[in-house]
Amino acid sequence: MEVPCVRVAREAGEATRTTLADADLIDDDYEIAVEDGWLYIPITDPDAVQAVLEDGEIVSRTVDERDTQTTPADLLSFEPSYERLGRAALIDEDDSERAREIADAILESDLPVETVLNKASKVKGETRVRDWELLAGEDTEVVHREYGCEFALDLAEVYFSPRLATERNRVAEQVRAGEHAFDMFAGVGPFVVPFANRGAECVGVDINADAIDYLRENARRNGVEDRVTAINDDVRDVATDYEGWADRIMMNLPHSADEFLEAAVTLAGDDCVLHYYDIQHEDDPFGPGERAIRAAAEPEYDVTVETRHTVRSYAPHELNVCLDVRLER
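What the sequence shown shows, in the working numbering, is residues 103 to 431, in sequence order.
Rather than coming from a laboratory, the hints here were simulated on the basis of the structure. Note that beta-carbon positions come from the ideal geometry of N, C-alpha and C, so glycine has one too.
The following label-pair restraints were derived from C-beta to C-beta distances:
{"no.": "1", "residue 1": "412", "residue 2": "279", "range": "26 to 32 Å"}
{"no.": "2", "residue 1": "428", "residue 2": "245", "range": "34 to 40 Å"}
{"no.": "3", "residue 1": "119", "residue 2": "346", "range": "44 to 50 Å"}
{"no.": "4", "residue 1": "179", "residue 2": "229", "range": "36 to 42 Å"}
{"no.": "5", "residue 1": "420", "residue 2": "272", "range": "19 to 25 Å"}
{"no.": "6", "residue 1": "157", "residue 2": "336", "range": "42 to 48 Å"}
{"no.": "7", "residue 1": "400", "residue 2": "214", "range": "48 to 54 Å"}
{"no.": "8", "residue 1": "112", "residue 2": "268", "range": "29 to 35 Å"}
{"no.": "9", "residue 1": "179", "residue 2": "339", "range": "52 to 58 Å"}
{"no.": "10", "residue 1": "183", "residue 2": "280", "range": "40 to 46 Å"}
{"no.": "11", "residue 1": "409", "residue 2": "229", "range": "26 to 32 Å"}
{"no.": "12", "residue 1": "357", "residue 2": "409", "range": "18 to 24 Å"}
Produce the complete structure using the sequences and hints provided.
Here it is as structure tokens:
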């Protein structure tokens, strides 16, 4: 069947394949094809590939399915559920024997995985971290790549969701060079780093000191440390230091972002875009957030909702949503 492939000259094939493999963008269900001096490397996400590769044409091509790829399901009597984060696999199993069985199958499969972690608690506390059971590997630190950026993080010390990669890229594509971008809950930098990579001057604040340490490291990893200021503090105590500074504000704390809207209005410049994340019932997913923003910003600002975007389903009848809102003084 036809699948998207990177078409690259054979002499550049190994370097390209390595870059794509490091970014976890090769579609392992299909074979790499060679024809007339060209390599055709099957890929999973053409948009992400364009962010990773400077060279390499993306084409649609018929390639053979891979016969030798052994999956965890091939080694089990069921299809296991897991997430990939860098070279780690994350599972959520209450039964310790089943968890061990899945971990063994993952390691014996052809997945490029070295670490297997089982969720041992819910997200908890002010820093939204969870406990993990280490089933394989040395520790809970991973290196994750998405849309051309690289992030080191320790899952036992910081909050990070790989499921939000597409949403992060949706927002990052709106950023322009020279903007002042402020992330009120920056974590390890999954918004800040790509924003800075696009030429924005960025400030990231987080209450978690470990997250801020990783944010600084990730800024260095991606060559944008000169455009990133990382601050370990409650953003409500920082906002007055950056009064009127921001052209763009990230508020990705969906359970309680409304508690920080006064600080957001303090940060906002004369023309500022606010990305406000919320979790609400499907009957009115956007109304509560819009009303809260208007109550905080009007009449000082004219408030225009530019995008009402559903990020994902969060729970039965509950949606994780984003409001892209322009504040104009």
